[in-house]
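Engineer: Chains as they are written, first to last, in the working numbering: chain A, 1 to 168; chain B, 1001 to 1575.
Read the hints as simulated data drawn from the structure, not as lab findings.
Just so you know, even glycine gets a beta-carbon here, dropped at the ideal spot from N, CA and C.
Just so you know, not all the hints are guaranteed correct.
Okay, derived cross-link-like pairs now, DSSO-like style, lysine-lysine, Cα gap no bigger than 27 Å in a straight line [claimed, not checked]:
| # | chain 1 | residue 1 | chain 2 | residue 2 |
| --- | --- | --- | --- | --- |
| 1 | B | K1573 | A | K16 |
| 2 | B | K1387 | A | K111 |
| 3 | A | K18 | B | K1573 |
| 4 | B | K1097 | B | K1226 |
Far from chain A, by Cβ distances over 12 Å, these chain B residues were calculated [unchecked claim]:
| # | residue |
| --- | --- |
| 5 | H1164 |
| 6 | S1181 |
| 7 | H1562 |
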Amino acid sequence: MDKQNAFRGTAEQEAKLKAVIDESRTTPGCLMHVLQEAQGIYGYLPIEVQTMIAEGLGISLSEVFGVATFYSQFSLKPKGKHRISVCLGTACYVKGSDKILAELEKELGIKCGECTEDGLFSIDSCRCVGACGLAPVMMIGDEVYGKLTPEMVKGIIDKYKEAEYDNH
Amino acid sequence: MSTKLINVKINGINVTVPEGTTILQAARKAHIEIPTLCYLKDVNCVGSCRMCVVEATGARGLVAACVYPVAEGMEVRTNTEKCRQSRKMTLELILSKHKKKCLSCERNHNCELQKLSLGYSVDEDRFKGEDFVLPIDTSTPYVVRDNDKCINCMRCVAACRKQHVDAIGPIGRGFHVHIGSAFDRPLSESPCVGCGQCIVACPVGALSERSTIDEVWKALSDNTKKVVFYTAPSVRATLGEAFDLPVGTNVEGKMVAAIRRLGPHAVFNMDVTADLTIMEEASELINRIKTNKPLPMFTSCCPGWIKFVEQTYPELIPHLSTCKSPQQMFGALLKSYWCEKHDISPENLYVVSVIPCTAKKYECEREQMPDDVDAAITTRELARMIKTAGIKFTELPDEEFDNPFATATGAGSIFGATGGVMEAALRTAARMLDGNFEALDFFAVRGSQGIKEATYLVAGHTLRVAVASGLDNARIIAEQVRSGEKKYDFVEIMACPGGCVNGGGQPTLSDSVRNTVELKEARARALYDCDNKNDLRRSADSPVMDVIYEDFLGFPNSRKAHEILHTTYRADKRV
């Protein structure tokens, strides 16, 4: 496994997940809920986490993995400190959000669904954030950026990078 | 199912069926077969492939006959233009991303998709699906998965889930769904035990055994090699199906004749080492009882079960009989005793075992005994060799196995059905404990039920026994033994439901047969018939056993017997 994806779970995170599993175990159909909580705790669902869930709930890893890969909200890869989410919903798409996504991928050197090696940025796509009037739209963390053009992408990313340098 | 009866009309024919019956089942009563792909009796019933769509009064649009229950007064039409157009479109969409390498596909002429495509006159190139090539999984010695041929019917997933092994499942969503192990790891790293139930469930050529036919042909044409074949007990009861004979036809004589025409040095009967297994296993059981060693003792002839214990219940390893399986015993015996006797160097002997099983391909590669058997081929592979060699199977005369491994007892023959090993062992163990013990029929352990229990009193010993087939049932017994909830002395486990007669290496029959014939029962009947007709029914009474022990091994569980016929196990915990 590459360095970027090496599992760095803490004992504290494990205890939290165990507690979720223990309180959910007897509820039929609890797998979705447990996966959601696990993703909240770890940020993503690597094999180590899914194995804990499978063993904890007494179901097979293949079943856990099947559900985790069915829903696009679940991620098997770690997310960056700044989570970029590009809207590919109808309004944004017709306004050219695919070009925004392509520019982001070029700027950060990663594909949609991946995370930069320094752990700062990850890119995902989403379907409608409810700001169609501002299309095309992307979110970075909780911040919404609207009426985007590909030329604006570099400046926005640089702002986050500079803030990181200032913090150090 | 309730006993209330429902009257329906299928294509104008009146049928009366119990409430809760599906349209598919009701149509069969009217002698109409509705086409299916994802449906497989006892295994998969999810209504997802839409091949079985029919028109039914009271329903909006077409309904899936495999899951739609009939209602009073319902009129069903199974073959309207609307149904046929819908099925044709479904097939064309499936074919849009199906690797159409039919010419060399091992399921050519035995493929449900091909059969339906012909029937509905499809254009296989009407739609062009996105081109993405999935890797072929050849990571195990027993199964090959080619997902570009997969139609996502889920029958393999359902078969694996029914076994409670759950090594595979659907991955991803939409167009990119494919079947595989968690995290797309190779099958060899999953909890798969190699039972092959997925292969016999597959309607197309996405799953097949890892074939070793080419190596066997090569050995047969190598003048420096002496090639010997031997066939497992259940192969005689199933090989005929590959030549369109009715399910349950015993073709022992033609099978021997056909193999002989492939040109090996000898054709032997694996029932002989089934008898030998019983001699060793029964002695081991009695020894365990008398010396307070771990009980219950579990049988060890099923490699799927052995792999399951090593991966899932390693703490039960001390309970496994140390006996090798009949396949491995035979290889070991040939390469020692038989080679010595005929002054053949073991390196020049090429041992081919014909088995109803895919896990046996893994077994002969186990690190504890890699040299016993050179190739293990399934019933299907043998059938393919016979066909390729142009041997007219059904026209062959009946011939006999070669000596000195021709004569076996009926106890050896029933190894191929669930409960058979138990009954065979009881016949000999009872006689070993009580020299006057006469009974030969142990009816309570027969039949295709998943779990059977019985208690026998022999020479002051109470023998509590259990028999389980299917790994779902094996898991129940393993849990009960581990927790101490059940106390047994001897337990027989077969990984495949019904035992070897229903093994993953047996002929893949068309859905129209699989969904209507009770395969396990019909095939098992052929083996019990062999047993009934045999004058010798107790392994200990076999003259061949006398010779092997006098000539070579000394006595059951002797030091030499242990060296050659017994093995060890190793924990290999998997998630």
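Engineer: Each hint: holds or not?
Structural biologist: Checked hints:
1. B/K1573 with A/K16: With Cα atoms ~26 Å apart, B/K1573 and A/K16 stay inside 27 Å; holds.
2. B/K1387 with A/K111: violated, 52 Å
3. A/K18 with B/K1573: holds, 22 Å
4. B/K1097 with B/K1226: Violated: B/K1097 and B/K1226 sit about 46 Å apart, past 27 Å.
5. H1164: violated, 9 Å
6. S1181: violated, 6 Å
7. H1562: The assertion about B/H1562 holds, with a minimum of 38 Å to chain A.
Consistency note: the structure conflicts with the earlier hints numbered 2, 4, 5 and 6.
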